[in-house]
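Chains X and Y, in that order, give the protein sequences. First residue of the first sequence: 87, per our numbering; consecutive thereafter. First residue of the second sequence: 202, per our numbering; consecutive thereafter.
What the hints contain is simulated information worked out from the structure, not anything from laboratory work. Where a beta carbon is used, it is the ideal one built from N, C-alpha and C, also for glycine.
The calculated lysine-lysine pairs, modelled on DSSO-like cross-linking and capped at a C-alpha distance of 30 Å, are:
(1) X:K229 to Y:K248
(2) X:K166 to Y:K285
(3) Y:K285 to X:K163
(4) Y:K277 to X:K166
(5) X:K229 to Y:K277
(6) Y:K285 to X:K220
(7) Y:K374 to Y:K362
(8) X:K246 to Y:K277
(9) Y:K285 to X:K229
Partial chain Y-side listing against chain X, Cβ under 10 Å, derived:
(10) V292
(11) N295
(12) C298
(13) S300
(14) T304
(15) G305
(16) Q310
(17) Y314
(18) T319
(19) H322
(20) P324
(21) H325
(22) F327
(23) R330
(24) N344
(25) H423
Anything over 10 Å on all C-beta distances counts as not near chain Y; from chain X, calculated:
(26) P129
(27) D139
(28) E153
(29) V155
(30) I167
(31) E190
(32) I201
(33) P206
(34) L216
(35) L217
(36) K246
(37) T249
(38) L251
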Amino acid sequence: MTNKKVKVATVSLAGCFGCHMSFLDLDERLVELVEHVEFDRSPLTDIEHCSADCDIGLIEGGVCNSENVHVLREFRKNCKILVAVGACAINGGLPAMRNHISLEDCLNEAYVHGIGVENPQIPNDVELPLLLDKVHPIHEVVKIDYFLPGCPPSADVFWKFLTDLLAGREPSLNYELVHFD
Amino acid sequence: MNKTIVIDGKVIPFQDGQTIMEAAAEAGIYIAHLCHNPQFTPHGSCKLCTVKVNGRNCSACTFPASEGQNITNISKELNDDREKITQMLFVEGNHFCPSCEKTGNCNLQAVAYHLGMTDNHFPHFFENREVDASHPDVMIDHNRCIFCTLCVRASQEVDSKNVFAISGRGLEKRLVVNSESGLLKDSDLDVNDCAAHICPTGAILIKRTGYKVPIGQRIFDHAHIDTVTLANEGASHDE
Numbered sequence: 087m088t089n090k091k092v093k094v095a096t097v098s099l100a101g102c103f104g105c106h107m108s109f110l111d112l113d114e115r116l117v118e119l120v121e122h123v124e125f126d127r128s129p130l131t132d133i134e135h136c137s138a139d140c141d142i143g144l145i146e147g148g149v150c151n152s153e154n155v156h157v158l159r160e161f162r163k164n165c166k167i168l169v170a171v172g173a174c175a176i177n178g179g180l181p182a183m184r185n186h187i188s189l190e191d192c193l194n195e196a197y198v199h200g201i202g203v204e205n206p207q208i209p210n211d212v213e214l215p216l217l218l219d220k221v222h223p224i225h226e227v228v229k230i231d232y233f234l235p236g237c238p239p240s241a242d243v244f245w246k247f248l249t250d251l252l253a254g255r256e257p258s259l260n261y262e263l264v265h266f267d
Numbered sequence: 202m203n204k205t206i207v208i209d210g211k212v213i214p215f216q217d218g219q220t221i222m223e224a225a226a227e228a229g230i231y232i233a234h235l236c237h238n239p240q241f242t243p244h245g246s247c248k249l250c251t252v253k254v255n256g257r258n259c260s261a262c263t264f265p266a267s268e269g270q271n272i273t274n275i276s277k278e279l280n281d282d283r284e285k286i287t288q289m290l291f292v293e294g295n296h297f298c299p300s301c302e303k304t305g306n307c308n309l310q311a312v313a314y315h316l317g318m319t320d321n322h323f324p325h326f327f328e329n330r331e332v333d334a335s336h337p338d339v340m341i342d343h344n345r346c347i348f349c350t351l352c353v354r355a356s357q358e359v360d361s362k363n364v365f366a367i368s369g370r371g372l373e374k375r376l377v378v379n380s381e382s383g384l385l386k387d388s389d390l391d392v393n394d395c396a397a398h399i400c401p402t403g404a405i406l407i408k409r410t411g412y413k414v415p416i417g418q419r420i421f422d423h424a425h426i427d428t429v430t431l432a433n434e435g436a437s438h439d440e
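Could you build all of it, start to finish, from the sequences and the hints given here?
What follows is the structure in structure tokens.
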């Protein structure tokens with residue numbers, strides 16, 4: 087391995103940050119990891135945009151609004167390897183369960199007719215990204231190179247995947263590491 | 202002298218009347234499948250068990266074994282096809298494993314694990330399908346039905362009833378219930394019926410039992426579907 091550290095960017099789109107929490111479950115292995123890896127754009131660094139030369143992009147969550155689409159495209163443009171992390175990135179997951187309900191009904195239920203709602207109105211600030219009609223898995227928007235299933239994938243999954251990549255091996259997960267739940 | 206067929210270079214015996222699937226199971230060879238169960242008449246619809254017989258693709262669960270067959274079961278081409286079929290099943294229905302009671306005990310999920318499937322590849326349909334929770338003990342979540350017809354056959358062949366059927370064609374295909382209202386509560390399904398317990402996915406579930414076995418201790422959490430299936434469906438053909 088050369089001295090140049092591998093640049094990793096991460097983001098949670100329509101996710102719950104559970105995959106990021108699971109990533110942090112690497113615990114003391116994080117110390118070893120940062121000897122080989124530096125974090126670029128990520129909630130862990132608060133860097134707002136990807137550098138142009140990121141090596142690995144880890145995407146948690148599906149795509150539920152216009153901002154998610156822009157962010158996902160930024161990651162694809164700047165990361166050599168893009169990875170779908172967790173059930174929501176892979177199939178839309180829990181947020182995609184709204185796909186059976188019309189967007190209008192969803193918004194009305196949450197902001198107009200919901201129990202305990204005061205001053206009912208649909209949020210419409212220009213700062214707010216517009217919701218997509220449906221929640222989509224990220225592979226429907228950009229090319230994805232690897233998929234790490236799980237809700238969330240365990241820290242061992244991240245470890246095996248990243249150490250394989252860092253060692254120049256084709257990443258492979260054994261049976262115990264692949265779970266859709 | 203035993204009659205034999207060759208599967209992936211291995212010579213195995215068969216008896217007249219056996220399908221390739223039956224001969225393979227007896228010899229301890231797993232051929233991936235979802236709609237097949239040795240208890241019932243083969244249906245040949247899921248196509249996961251497609252093998253190459255003397256160069257031609259055939260469904261192992263329906264194709265009779267016969268002398269001189271040289272069969273390929275495991276090849277990259279066949280397994281890639283199986284993976285694509287499984288991915289199509291995942292995108293056609295709404296299979297959200299983390300929120301499904303059947304996770305870990307689900308044959309669809311286990312076949313996906315077996316094939317090394319980590320994504321669904323195709324665009325999702327996100328079709329709106331119904332849940333029928335009308336029956337006091339059994340529920341149907343149509344989101345997870347893969348139309349394998351195991352419940353249809355179990356009801357007819359084991360329970361001597363006729364509770365389920367598949368109606369419609371192509372994308373309009375649906376599992377229907379034989380009752381005037383179309384609801385499960387008005388059918389003669391009993392919680393002890395074979396049909397109530399045979400679903401390979403989480404489409405037909407027994408109420409109030411979902412989390413008796415915690416996630417992490419379920420059948421396929423640690424055991425591969427090939428070993429589990431051969432233990433259940435191999436030599437003795439007992440379930």
